[in-house]
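A.B. asks: The primary structure of each chain is shown beneath.
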Amino acid sequence: MEIVYAPILLDAEDYESADIAIVTGSLRTEADERRLRRARERSDCLLAFGSCACFGGIHGLADKEGIKGDFKGGQGLRLRDSVDPVWRVAKVDLAIPGCPPPEKNVKKFLENLLLPVDSVQGKTVCDECPRKRSGERKIEKFRRGLAGVDSERCFLDQGIPCIGFATSSGCGALCPSSNYPCYGCMGFSGSIGEQDLGIARAISALASGFENEKASETLADPVGFFMRFTYPCFSLKGAKKNGSKGR
Amino acid sequence: MDLRVDEVTRVAGHIGLQVIVGKENVKARIVHSEFRGFEPLLRNRLLEEAPLYASRICGICQVSHMLASIEAIEDGLDIEVPLEARKLRDVANLAGRVQSHLLHLFLLIAPSSLKTEENLSTIGHNGKMAIAQLVIEGRGIAQKIVQEICGRSIHPVTIVPGGFSKSINMEQISNVSKLAGKLSNIIDAIGEKVEPILVDELKERGVCLRTNYMYTLEGSIIVKDSEGTEIESFRKEEYEKHIGEREVEEGYGTYPYLKAIELPFRVGPLARLNANEAENGSGALWANRRHESVTYTHARIVESKLAACRMMELVSGLKKEIGASPAELVFREGEGFGAIEAPRGTLLHHYVFNKDGIITKANIVTPTAFNSPVIERDIEENITHMLGKDVDKIKERAVKVLRDYDPCIPCATHLVNVVID
Numbered sequence: 001m002e003i004v005y006a007p008i009l010l011d012a013e014d015y016e017s018a019d020i021a022i023v024t025g026s027l028r029t030e031a032d033e034r035r036l037r038r039a040r041e042r043s044d045c046l047l048a049f050g051s052c053a054c055f056g057g058i059h060g061l062a063d064k065e066g067i068k069g070d071f072k073g074g075q076g077l078r079l080r081d082s083v084d085p086v087w088r089v090a091k092v093d094l095a096i097p098g099c100p101p102p103e104k105n106v107k108k109f110l111e112n113l114l115l116p117v118d119s120v121q122g123k124t125v126c127d128e129c130p131r132k133r134s135g136e137r138k139i140e141k142f143r144r145g146l147a148g149v150d151s152e153r154c155f156l157d158q159g160i161p162c163i164g165f166a167t168s169s170g171c172g173a174l175c176p177s178s179n180y181p182c183y184g185c186m187g188f189s190g191s192i193g194e195q196d197l198g199i200a201r202a203i204s205a206l207a208s209g210f211e212n213e214k215a216s217e218t219l220a221d222p223v224g225f226f227m228r229f230t231y232p233c234f235s236l237k238g239a240k241k242n243g244s245k246g247r
Numbered sequence: 001m002d003l004r005v006d007e008v009t010r011v012a013g014h015i016g017l018q019v020i021v022g023k024e025n026v027k028a029r030i031v032h033s034e035f036r037g038f039e040p041l042l043r044n045r046l047l048e049e050a051p052l053y054a055s056r057i058c059g060i061c062q063v064s065h066m067l068a069s070i071e072a073i074e075d076g077l078d079i080e081v082p083l084e085a086r087k088l089r090d091v092a093n094l095a096g097r098v099q100s101h102l103l104h105l106f107l108l109i110a111p112s113s114l115k116t117e118e119n120l121s122t123i124g125h126n127g128k129m130a131i132a133q134l135v136i137e138g139r140g141i142a143q144k145i146v147q148e149i150c151g152r153s154i155h156p157v158t159i160v161p162g163g164f165s166k167s168i169n170m171e172q173i174s175n176v177s178k179l180a181g182k183l184s185n186i187i188d189a190i191g192e193k194v195e196p197i198l199v200d201e202l203k204e205r206g207v208c209l210r211t212n213y214m215y216t217l218e219g220s221i222i223v224k225d226s227e228g229t230e231i232e233s234f235r236k237e238e239y240e241k242h243i244g245e246r247e248v249e250e251g252y253g254t255y256p257y258l259k260a261i262e263l264p265f266r267v268g269p270l271a272r273l274n275a276n277e278a279e280n281g282s283g284a285l286w287a288n289r290r291h292e293s294v295t296y297t298h299a300r301i302v303e304s305k306l307a308a309c310r311m312m313e314l315v316s317g318l319k320k321e322i323g324a325s326p327a328e329l330v331f332r333e334g335e336g337f338g339a340i341e342a343p344r345g346t347l348l349h350h351y352v353f354n355k356d357g358i359i360t361k362a363n364i365v366t367p368t369a370f371n372s373p374v375i376e377r378d379i380e381e382n383i384t385h386m387l388g389k390d391v392d393k394i395k396e397r398a399v400k401v402l403r404d405y406d407p408c409i410p411c412a413t414h415l416v417n418v419v420i421d
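Protein chains in written order, with the numbering used here: chain P, 1 to 247; chain V, 1 to 421.
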């Protein structure tokens with residue numbers, strides 16, 4: 001395997017073509033978009049590596065809070081109207097989500113140059129999670145912090161927000177196994193371009209588990225909870241500008 | 001002469017460099033060419049979740065960002081952390097430091113600064129892989145140490161306000177000790193191979209910029225001059241009174257400066273070894289202060305060795321399982337400050353939050369931001385001594401000096417005037 005272009009590792013200033021372009025990060029500046037379009041044009045296959053490339057990533061929330069700042073410099077430095085995942089601008093052939101992508105998935109990819117089998121197949125983190133789930137979940141309210149948590153029981157059953165029930169599997173439920181609730185770095189179960197459907201399903205699934213209708217209001221940061229890594233997929237700015245090009 | 005490099009290769013992040021050689025002087029400017037906005041996005045986020053975001057500021061120094069963030073929360077809410085948990089956090093921070101230093105050494109600067117036939121493109125192609133093999137193995141071990149303590153090597157999972165979310169047993173602790181021992185040996189081997197090459201590079205440069213040095217220790221920020229005399233010291237809570245930030249002309253960086261002494265200062269491995277003698281235990285490994293930017297790389301190797309030894313020391317004092325200790329979160333209006341030595345230098349996290357524990361303001365000052373003004377100064381000094389040489393040589397020296405500082409641009413970017421819609 002020969003690396004023809006990788007600014008972080010090699011001094012090659014340009015490249016003519018590549019069999020596979022591995023793209024990390026999402027589109028924030030105009031230079032990001034220029035680099036991506038060039039990579040798509042010149043390579044046979046494009047791999048979106050990591051949750052920023054797949055979904056826009058965690059810093060997509062900067063658009064929700066709103067940033068408009070002074071910037072000075074060349075066009076390339078100008079911020080785009082919205083953060084966008086790679087698929088909004090270019091066709092994605094392969095995707096390895098995660099923040100970071102789970103080690104075993106990266107390994108499998110490098111060994112086989114194939115997508116790992118157990119990702120984005122409709123399975124969720126719950127399917128991999130070792131914690132004991134109650135038969136019929138009825139959440140009364142959510143709470144904050146992990147003090148006094150039972151390390152064997154499902155987080156949601158204990159009123160601790162965990163979005164594993166809607167998050168794509170493939171990580172081995174790493175965080176819940178380490179006694180930390182899933183916070184969604186693998187994106188919603190389903191294809192990478194359909195995260196907005198994933199959000200809708202997640203919201204309704206969560207609402208159905210509540211003891212009373214008002215309980216969902218105790219989520220203190222619902223946008224953070226539901227869209228931590230995927231906000232750009234749900235961003236109206238991005239959809240309006242680019243449509244569903246590249247899906 | 002006007003030299004411009006739009007995208008400097010082999011640095012962490014996107015950075016441009018411009019050098020203007022005028023009749024009277026040389027002007028160097030680095031252009032931070034990326035921006036994501038972690039300070040704006042932390043507004044309206046849950047205070048206890050800040051570390052989840054902070055860690056993603058950077059994939060290399062994420063352990064330090066997470067620890068600085070956690071410290072700011074614990075500081076703001078008066079949360080105590082058991083001593084054993086604090087020791088293990090220190091071990092994780094030191095392991096993160098070694099991993100970062102080794103990454104820089106081999107992957108980022110080796111092809112130009114090490115004058116060895118080994119570089120990334122030769123791995124696997126011929127038998128000459130000694131340094132590469134050692135660095136890759138060493139990094140792998142450092143990452144395993146972080147994983148053993150924090151559940152995952154990149155973006156730790158188990159570090160929470162109050163301690164750890166999951167207990168760490170004696171088998172894990174013993175494993176960390178063994179790994180640290182192995183790491184120490186590997187670093188010795190790396191040092192032996194790399195030192196002679198660095199000595200040659202030092203001879204070739206012939207430029208030395210003397211500056212003040214800044215570091216943080218136990219919640220205080222200390223500045224010493226090039227001879228090691230303390231010139232300023234303040235508590236992390238007071239940083240805004242002592243540190244100002246200036247706008248840059250181009251790009252997304254800022255120039256932090258010390259309000260009291262407007263003289264150049266540096267942070268990072270060189271600062272820690274030159275200035276923090278009492279704590280770093282360097283002894284014979286760093287017997288004399290050194291100031292040339294090339295010596296940053298010496299400093300990284302020495303620090304890695306010291307880190308491995310310190311890890312073993314910290315772990316040897318742990319005789320029983322460290323229990324999980326997530327804190328009860330009692331919210332009130334306030335603010336919290338975290339100050340830590342990240343791989344590249346002093347890192348500050350400052351959060352202001354309301355009575356419901358929602359962040360209303362976040363300010364993060366990173367080591368690369370602190371070093372940005374002096375990086376430009378150092379490049380200018382170097383080029384002033386090279387006038388008359390051809391453009392390619394000047395360009396080569398400029399980027400070499402930049403890389404000596406191991407800048408991390410994802411961390412450093414910052415908008416001074418941010419308008420929130």
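Treat the hints loosely; a few may be bogus.
Unchecked claim - A few chain V positions that, by computed beta-carbon distances, are all more than 10 Å from chain P:
no.: 1; residue: Arg10
no.: 2; residue: Arg36
no.: 3; residue: Arg45
no.: 4; residue: His155
no.: 5; residue: Val160
no.: 6; residue: Gly181
no.: 7; residue: Glu230
no.: 8; residue: Tyr239
no.: 9; residue: Val352
no.: 10; residue: His385
no.: 11; residue: Gly388
no.: 12; residue: Lys389
Claimed, not checked - Label-pair ranges, simulated between beta-carbon atoms:
no.: 13; chain 1: P; residue 1: Gly73; chain 2: V; residue 2: Asn354; range: 33 to 41 Å
no.: 14; chain 1: P; residue 1: Gly148; chain 2: V; residue 2: Gly334; range: 37 to 45 Å
no.: 15; chain 1: P; residue 1: Arg137; chain 2: V; residue 2: Ser174; range: 50 to 58 Å
no.: 16; chain 1: P; residue 1: Arg78; chain 2: V; residue 2: Lys395; range: 44 to 52 Å
no.: 17; chain 1: V; residue 1: Lys241; chain 2: P; residue 2: Arg143; range: 36 to 44 Å
no.: 18; chain 1: P; residue 1: Arg42; chain 2: V; residue 2: Lys259; range: 29 to 37 Å
no.: 19; chain 1: V; residue 1: Glu237; chain 2: P; residue 2: Thr218; range: 26 to 34 Å
The hints are simulated quantities; they were obtained by calculation from the structure and are not laboratory data.
Virtual Cβ for every residue (Gly too), placed ideally from N, Cα, C.
A.B. asks: All hints are to be evaluated individually against the structure, with a verdict given for each.
C.D. replies: Right, here's what the structure says about each hint:
1. Arg10: At about 7 Å from chain P, Arg10 of chain V fails to clear the 10 Å cut-off, so the statement is violated.
2. Arg36: Violated, because the least Cβ-Cβ distance between Arg36 of chain V and chain P comes to about 4 Å, which does not exceed 10 Å.
3. Arg45: The assertion about Arg45 of chain V is violated, with a minimum of 6 Å to chain P.
4. His155: 6 Å, violated
5. Val160: With a cut-off of 10 Å, Val160 of chain V comes too close to chain P, as the shortest Cβ separation is near 6 Å.
6. Gly181: Non-interface label stands for Gly181 of chain V: nearest chain P Cβ at 24 Å, farther than 10 Å.
7. Glu230: At about 36 Å from chain P, Glu230 of chain V clears the 10 Å cut-off, so the statement holds.
8. Tyr239: 22 Å, holds
9. Val352: 15 Å, holds
10. His385: His385 of chain V clear of chain P: closest Cβ-Cβ about 24 Å, beyond 10 Å.
11. Gly388: 25 Å, holds
12. Lys389: 20 Å, holds
13. P:Gly73 - V:Asn354: 33 to 41 Å: The hint (33 to 41 Å, Cβ to Cβ) holds, given that Gly73 of chain P and Asn354 of chain V are roughly 36 Å apart.
14. P:Gly148 - V:Gly334: 37 to 45 Å: 23 Å, violated
15. P:Arg137 - V:Ser174: 50 to 58 Å: Given range 50 to 58 Å: violated, Cβ gap about 39 Å.
16. P:Arg78 - V:Lys395: 44 to 52 Å: Since Arg78 of chain P and Lys395 of chain V have Cβ atoms about 26 Å apart, the given range 44 to 52 Å is violated.
17. V:Lys241 - P:Arg143: 36 to 44 Å: 38 Å, holds
18. P:Arg42 - V:Lys259: 29 to 37 Å: 50 Å, violated
19. V:Glu237 - P:Thr218: 26 to 34 Å: Holds, at about 32 Å.
In summary, the numbered hints that this structure violates are 1, 2, 3, 4, 5, 14, 15, 16, 18.
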